[in-house]
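Given chain A, work out where chains B and C should sit, using these hints.
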Amino acid sequence: MIVAERKPIDEIRAFIENCKKILLVGCNECVTVCYAGGKKEVEILASALKMAFMKEGKELEITEVTLERQCDHEYLEEIRSIIGEHEAVISLACGVGVQFMAEKYPQVPIFPGVNTLFMGVTEEKGVWTERCQGCGQCILGQTAGICPISRCAKRLLNGPCGGSTKGKCEINPELDCAWQLIIDRLKELDKLDDYDKLVPIKDWSTERAGGPRKVVREDLK
Amino acid sequence: METKTPSKLEKILAAGHLAVTSECGPPRGSEGEVISKKAEMIKDYVDAINITDNQTSVTRLCSLASCIRLKLMGLEPILQMVTRDRNRIALQSDILGAASFDIHNILCLSGDHQQFGDNPQGQNVFDLDSMQLIQTVRYMRDEGKFLGGDEIERPPKMFVGAAANPFADPFEIRVRRLAKKIAAGVEFIQTQCIYNLEKFELWMKQARDRGLLEKVYILAGVTPLKSAGMAKYMKNRVPGMDVPDEVVNRMSGVPKENQAEEGIKICIESIQRLKEVEGVRGFHVMAIEWEEKVPEIVEGAGLYPRPKVK
Amino acid sequence: MRLSYPDSIRIIRLPCTGKVDVIHIMEAFEKGADGVYVAGCLDGECHYLTGNLRAKKRVEYAKKLLDEIGIGGERLEMYNIAASDGPRFAVVAKEMHEKIKTMGPSPIREAIARKKAA
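Protein chains in written order, with the working numbering: chain A, 2 to 222; chain B, 44 to 353; chain C, 13 to 130.
So here's chain A without its partners, still in its complex pose:
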């Protein structure tokens, strides 16, 4: 899922410094799972913002809503009737949801309440780690199910580099060296000879470098 983290309160406050009534919108999907922007987080943030304003002698009225998702038209439509009553919106959805909302409601300023980070997994409760960079040409079949593009700090396709130390990355002793993981997995699968094959130069045009991407399914339109 998409993993995000709440922005510092000060930063969020600065967005709505001069507002008296705002809409705070959470999302029931990814940001709920990583405890950044779900219903609970909306409640907590609303309380925190109200208190922050009260402390300054100001008042802030907050309407709290949590939508199923903010990346689909039908759910964002649900706030159409009330959004106009607010001076600004803080969305706790990932960057995708914030933008979609801004597209839908161009007359109201929309601000992000979280920093969107990566596509990842819940390794254990409270710990989320990155797994995918959306390169558009998945090579997991050749790397024993471990992605060197998202898990190697240098995205080496023929790693490891000379800095790999005791299975950890040179930039952080707590970060697993992706290539060590790949080699270990290949050994377990009895496929270490696959390591000898050179991975060719990658076509990065399907990744961010090629420009914003789009998928169309004519059969579904």
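Don't read these hints as lab results, they were simulated from the structure. It is possible that some hints are incorrect.
Claimed, not checked - Restraint ranges, calculated between C-beta atoms of paired labels, are given here:
#1 C:A102 x A:L176: 45 to 53 Å
#2 B:S136 x A:G135: 27 to 35 Å
#3 A:D73 x C:G84: 35 to 43 Å
#4 B:I132 x A:K198: 22 to 30 Å
To be verified - Below, in silico cross-link-like pairs of lysine-lysine (DSBU-like), each with a Cα-Cα straight-line distance of 30 Å or less:
#5 C:K106 x A:K22
#6 A:K105 x C:K127
#7 B:K275 x A:K169
#8 A:K192 x B:K258
#9 C:K127 x A:K59
#10 C:K127 x A:K22
#11 B:K269 x A:K167
#12 A:K21 x C:K75
#13 B:K275 x A:K198
As the structure is a prediction and not an experimental result, all values here were calculated from the model. Glycine residues also receive a C-beta, built at the ideal position from the N, C-alpha and C atoms.
Okay, now just chains B and C, sitting in the frame of chain A:
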């Protein structure tokens, strides 16, 4: 042995001599003279000189400009090129830049992560990795084409090298990695500096058993230790470095004012021992910020004067 | 036991401190509480096994949040008191009372008072 390029380094190796290379680090400014002075100190004691490429991700005068300076001095440069900072367009372009000055040696590297340097907030590129860069140079040289397929006018004639680290983890695939680099087209290797000679000899043996030593020239890396402190630092703080306790103890065992001399002695002894290892075709002396000791080391190891080739 | 403790303390009873969520703490402060403390079972003796451990972590999180908005995380504390330990309960109550008294009223309570007066 046949040579494929006009590289002096290649000629020396092909003729069966033990080659000697060393490296110079460019300055953190635009004073090109710094390079010339360092090169002057060592030029009669080495066959070719590496110029590092923003090593440890610290921004310095670029390797290409420094190599051009050396070439214009009549010396033999080895262009070190990392893939951290440049995409395939810039890499091919810089290769042509070097070739336009008839620079005939290149060392293909991935590069240290930018976190270590003076711009940890910067982007990194890694459009290619070191193996793919090796493939690229060979392709440009042997097919005379750009990666995109167009013809190159006056293709580069470069002798292609790479680094190898017998001491990095995991040890078990270090020889496979060497094989991969050879499959990619590498022609000479400079290893990480060697203090654990046993481990190096083991790596060489495994390489020999795979038939790799007939396909590539291995230059054994050596670095003289300046002090016991340096030995300890390298042992504990530098990833991919193997400094055995005996070496640290030997350095600690002599008084501080004699440690530098002991470090040089260890270096010379290592070279002497490494000469006996089958497949070692030369030495890469990395005397970081201690270039003035290179002549002493080369002489002490019986590698002076350097052979002349046409 | 008929021990006394300050009447500034308002007790909210729960089956387990594991039931305390960050929002409950926030709302207490929002409504003007000068201080909040969470009293759970002794370490390792939670009746529901890990409830008091969760409470501790949530209290830590809420403390940071309160610092971030300038209310002060020191107004919130977690204590471990055995259910039968009346004397300790009284001691903690007095301790918390004194601490908050020294800190003064919470800025939120003052804001609420100002608003009422206006």
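- Output the numbers, in ascending order, of every earlier hint that fails for this structure. 5, 6, 13
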